[in-house]
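**Student:** Take the sequences, apply the hints, and build the full model.
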Amino acid sequence: MDQLIQENKLSKEEIFETLNQFITEVIGEEFVEEMDITPASSFTKDLEMDSIEIVAFSEKVKNHFGPNIDFTGWLSNMDLDEIIRLKLEDIINYIRECQ
Amino acid sequence: MARFLFVVPPFFGHISPTLSVGASLLANGHEVAWTGLVPLADRHIPDGGRYILPEAELAPHQDEIARILKRQDDGPSLSGPEVMKLALEETYIPFARIMVPGVMRVTEDFQPDVIVNDCITFAGALAAHLKGIPCVTTTPVPPDVMGDTANSAPKIFEWQQNLIQGLQRGLGIYTDEFVIHSHQMNIVFTSKEFAGFPYPDPHMKFVGPVKGRPNDTPFDWKKLEKATGPKVFVSLGTLLVDIRKEFFLKLIEAFGNGPITIVAATDPSVIDEWPENFIVQGFVPQADIIPKMDAVICHGGFNTVNDTFMNGLPMLITPIAYDHFHTAALIENAGCGIKVRYKRLRVADVQNAMQELLENPKYRLAAQHIRDTFTRAGGNAKAVSLLEDFALSHTVTENA
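As you go down the protein sequences, you meet chains G and Y in turn.
Here the first sequence stands for residues 1 to 99, numbered as in the UniProt record's numbering.
Here the second sequence stands for residues 1 to 400, numbered as in the UniProt record's numbering.
Calculated from the structure, these hints are not laboratory results.
Nothing here was measured: the structure is a model prediction, and the numbers come from that model.
No residue lacks a Cβ here, since even glycine has one placed at the ideal position from N, Cα and C.
Where hints are given, some of them may not hold.
[As the list claims (entries may be wrong)] These stretches of chain Y come out as covered by chain G in the derived footprint (C-beta under 8 Å, 3 or more residues):
{"id": "1", "region": "77-85"}
{"id": "2", "region": "153-166"}
{"id": "3", "region": "338-347"}
**Tutor:** Rendered as structure tokens:
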């Protein structure tokens, strides 16, 4: 069973690499170079994404990982503190849960 | 003749339109007073008006007031959700709690016929509710900055509701209705077209910008007259001190010693040596300068936004924090400008955007359309007649 699940699910590292690529596309390579993006990076504080960038990012996530990843719906159920604290690894975990 | 009491926050952008409208009410023979949280220099108060600071009621809260005002400096470095918390939870709600007792006492002394509260200064509407005095709200910014949170972000909506409910209950107001704003009349100092409200509620009165108070600050007009190429005005408003140097260094990189003349409203000392084509001055007669310009660069402060579109000029908007992003979205929707986010500001993007704004007539045409909606909305005269009619109709109702 474990073996099967592992074959179907992307690893955290694979998802992180993909998300990293999307972030670069959304906010621009030269700005990403100045950041040290890790799974612990927060969306609002470290990546300083504004709402338009988050929408662009979530579109890319949806297109890549499939329509059952309702990233915007997931975000809209958070309170302000949850959004402020939101880290890249939270999104990685969410994508893994949805797979 | 009626008595009007304006209740204002310690932010000049919100006070400024009330000074224009108040001056006209005074000229029409009404009595006008202002009350607030911090002192306001006499030179700002129109002749015949007065500013009443309820010092005794505010005295116990001076440390908290100073702390909250200082906290505003953090705004530019905070994220969107953090700014929402800063604004409502850490600023507007505590300010309202602190101000209500003083506004109540000023109301007893001045006996206004109408209380006019600024949209972020809830104490005015709350005192009006408690005293049974008719209330009008003034809104200097395009409203609905937070969007439709009831549907798009239910937990954020709940947070807003709880904070406002808590504020009202703390004052012994147990209605479920929110009384932090007037439900009878809300005068908004922009046009419904620009604000994206094609069919506003009947109590929302979009009157367009009102003329600022006279400003006869000296300026190097001779140097400006000598400029031959396009002229661009740059302002970061009165706040945002920390990022000035970085911002203007980028503008110098983009436009230094080029064909465009830049008029920069900033303290010249932030940069050691300005290029020849920059005219730099701390305080400027902005309303007289902008008509001579071809475009404007600003972060989205609404006084500069209003001055720009009142003159039908295109804008390069570089939103930084607060409601700047909302304003930037409105400008892009209206087609009268281009947004380059401050945090992602590339010199090449600024140069390209400015070239596009100066050479492609569609931006100027869209800006002129916004100017027409502003003018049609009626401005200062309309705001004054709305307030006069409101005072009259509410007096009649009371006597009947």
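**Student:** Now look at each hint and say whether the structure bears it out.
**Tutor:** Structure-based check of each hint:
1. 77-85: Holds, because 6 residues of the region 77-85 of chain Y bring their Cβ atoms closer than 8 Å to Cβ atoms of chain G.
2. 153-166: holds (count 6)
3. 338-347: holds (count 4)
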